[in-house]
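Sequence lines, in order, name chains A, Y and X.
According to my numbering, the residues represented by the first sequence are 1 to 272, in order.
According to my numbering, the residues represented by the second sequence are 1 to 266, in order.
According to my numbering, the residues represented by the third sequence are 1 to 298, in order.
There is no bait here: all hints are sound.
Which residues of chain A face chain Y? A partial, calculated answer using Cβ under 7 Å:
{"#": "1", "residue": "Gly25"}
{"#": "2", "residue": "Leu28"}
{"#": "3", "residue": "Asn105"}
{"#": "4", "residue": "Ala120"}
{"#": "5", "residue": "Val206"}
{"#": "6", "residue": "Ala214"}
{"#": "7", "residue": "Tyr232"}
{"#": "8", "residue": "Ile241"}
{"#": "9", "residue": "Gly249"}
Some but not every residue of chain X turned toward chain Y, in silico, with C-beta under 7 Å:
{"#": "10", "residue": "Ala85"}
{"#": "11", "residue": "Trp121"}
{"#": "12", "residue": "Tyr134"}
Just a sample of chain X residues kept apart from chain Y, beta carbon distances all over 12 Å, derived:
{"#": "13", "residue": "Arg151"}
{"#": "14", "residue": "Leu156"}
{"#": "15", "residue": "Met174"}
{"#": "16", "residue": "Leu200"}
{"#": "17", "residue": "Leu213"}
{"#": "18", "residue": "Pro275"}
{"#": "19", "residue": "Phe277"}
Don't read these hints as lab results, they were simulated from the structure.
Ideal Cβ positions, reconstructed from N, Cα and C, are used throughout, including at glycine.
In case you want the letters, here they are:
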Amino acid sequence: MNAVSQAAVSRLAGKAESRAWPWRGLLLPLVLLAVWQAWGTAAGSVRTPMPTRVLMAAVDLVGSGDLPWGIAQSLGRVFLGFTVAALIAIPLGLAMGSSRAIERNVDPLVESFRPIAAIAILPLAILWLGTGTAAAVMIVAYAAFFPIAINTIAGTKRIDPTLLRAAATMGLGRLATLRTVVVPGALPAIGVGLRIGMGVAWTAIVAAELAVGAKAGGGGSGGIGQMMFVFYAYSIELNRIVVCMIAVGLVALALDRLLRAGMRGLMPWAAP
Amino acid sequence: MATPKTVTPGDPGRLVMALVYLRTMAVFIVVWAIIARWTANTALLPTPLAVIEAFIDLARDLELFQHAGISFGRMLLSVAIASALAIPLGLAMGLSRKLDAFVDPTIEVLRPISGIAWIPLALFIFGIGNALPVFIMTYTAFFPIVLGTVAGVRDVDRRLIDAARTMGVPRRTIVTRIVVPAALPSLLVALRLGVASSWTAVVAAELIGAPSGLGYAVEWYRELLMTPQVMAFIAMIGILGYACDRTVRTLAVRFTPWAVEMRPST
Amino acid sequence: MSAAGPSQGANSSPSGGSAAAQAASVGVHPAAKLRLEGVGKRFDVAGAAQTVAVADFTLDVAQGEFLVIVGPSGCGKTTILNVLAGLDRPSDGTVKIDGRPIHGPGPERGVMFQDYALFPWRTVWGNVEFGLRYGPAAKGLDSLARQQRVRSYIDLVGLAGSEGKYPHQLSGGMRQRVALARLIANEPDVLLLDEPLAALDAQTRLILQDELLRIWGQDRPPVQRRTVVFITHAIDEAVFLADRVAVMTTHPGRLKALIDIDLPRPRNDATRALPKFQALSQHIWSLIRDEAYRATVT
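So that you can see chain A by itself, here it is in the shape it has in the complex (with noise of 0.2 Å):
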């Protein structure tokens, strides 16, 4: 329907739906980059940021082993945090997708914290963990949890009441159901969670990581948020900068591809 959709709406603005030219969605890029590139030049100074400069940048920061190693640290926090995160969520948003009781009872808590940003939470982790790696995966673990729990609880309410009553008459018992028609019923809709999860994860571990490095000082916690902040407070390398949010925004696309093919992979019968 979408397609179709698609079709009619640009059959109406009356463009012809051309397979021509893929190189298209180059063409802004590389002329903001042109213009950016001559600013640079023309307007800027040793420091200003410009494409060429940003490139050599990433080839220095990529061939001294610290971008990867600054990544390598922020994933292995976000990484923790998460599992973390999925292990209390899954559980939980099943439990209250299933029993209204359950549901009735916890989502006031779930709802009331919800609004309240992970990263308003950081000088509270702070004060309890100190700046280290506990106060990160404890903000990753408390951003990722509403969007996991969430949409598994969403997914299990969404399961067809027919499918329950099918596996009842079959007769399933509660564990057996939960096991073979809940948990992949819900699926989908928590492989949606999982993805908004570690997209917020990622997006959490790169603000705690430069809030703590704006307010720590320059030692510390490491990470790739801290790598960016050190760049604009102590070492002014602003093209050092430009490479670590091109560094984030990679990682993010990368994490998102992987959670999706490993979704896919777990649900051979989900169309794409």
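Please arrange chains Y and X on chain A, whose structure you already have, making use of the hints.
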């Protein structure tokens, strides 16, 4: 297993729900109070009472509302700017495959670079002040709004457009009188997401790069080890965030009563 | 009654009250309202080979005729309707109205879609007046004249009192009436209806079949009736409503037979009890049966 919950207005269940809500929060507060008493360190974990007192004090001398107002104002401004940019662009992209092919890759490349990642560079450009949070928040809100608008236009029911065509309605009128209203529900969902994203970004941006606002206040009081105040401001962040989301939802129900509202997935 | 091959539209038995049959008995239709000649439609399915939806379809529809197209699911009935509406271009052949080729949609060929396609953000009144307000008719109508027209058509379909309601507040039967009112408010020459009663329960269906015939004008003389092309897969509905029934086969969609329905007008509940009604229905079913069976196993 549970069947889908349906609550109709006027349902006596509403009262029961409110009571259950209170009961859960009461349990939470009691557990909190017990742990707080056991650790007996106000800087580490203040008692619920201490936090409430701090909240009332801050409210009384208006400091709470000053910071809240500043953060809220920034969010309003950011969402307004983001919408002013994103909605027309999204409409145009949704209607023109050509334009979409040109612009969408750039958007998709920039989107994974979260607003947060822009903070160091933006700090250099804007310095600490009002502009930084607004820039970060505008950037953050832009993407969900533009992408949601494009999707909303794309998902317009083909039949509605065909119906208008068979009535001899000219193309321009179809865009203004059919596509835009039909896309409105999706647009409002996109707006909700934009508001939520930018409210998340406000805290990060203010914590690092602003001299005022709720994020700034949280960090300020943390440095002073005045944890009850820290928690009071965190609570305010939650309350305002919830209120904003509620408002957009109410607007959506008011202006698009025919659309089925679904809970967000974040 | 008789059946005809794909390229002939004629039949030889006399009939009463049907403009189409009177014209058809002459054999040639130089003044046919709608003419499909050798129409074929192919679709490109992504990746795979082309699908032939319709092939070599030739049919004339006379002015004021109520023509029903019937056939198993997926036989291309909707494609034919889309071609008549101008929403799709035929891959082969021509389609004409009053001798002029059809290039696109237009208000002289009003369409009623399967799911009514009502504008959910507009009230009943807002829907019915839409074509009059924004279509070509708007130029000739001032606000008062438009209001009078909308009023009269809302009353005609029996929706007086519901003008301010929104589609999501209406039952299926009411939505169908709104769609119908919106359609005929533009006073089209030709009405193209794509399974308009499919989404209704059986009882509402019967009521609305009567309403449809009334609004079409079965109580009025044939010259005052509009031309209707109606699609359905329900045979009894086809026999009840039609002057002629076009039976289509599937894969690809072709015209298998043209059956003249010489049941007397006006038609009502008593019509369904007539032996001829049963005989016609059986005959049509026998033409489709094999295809319908195959559709359930492939």
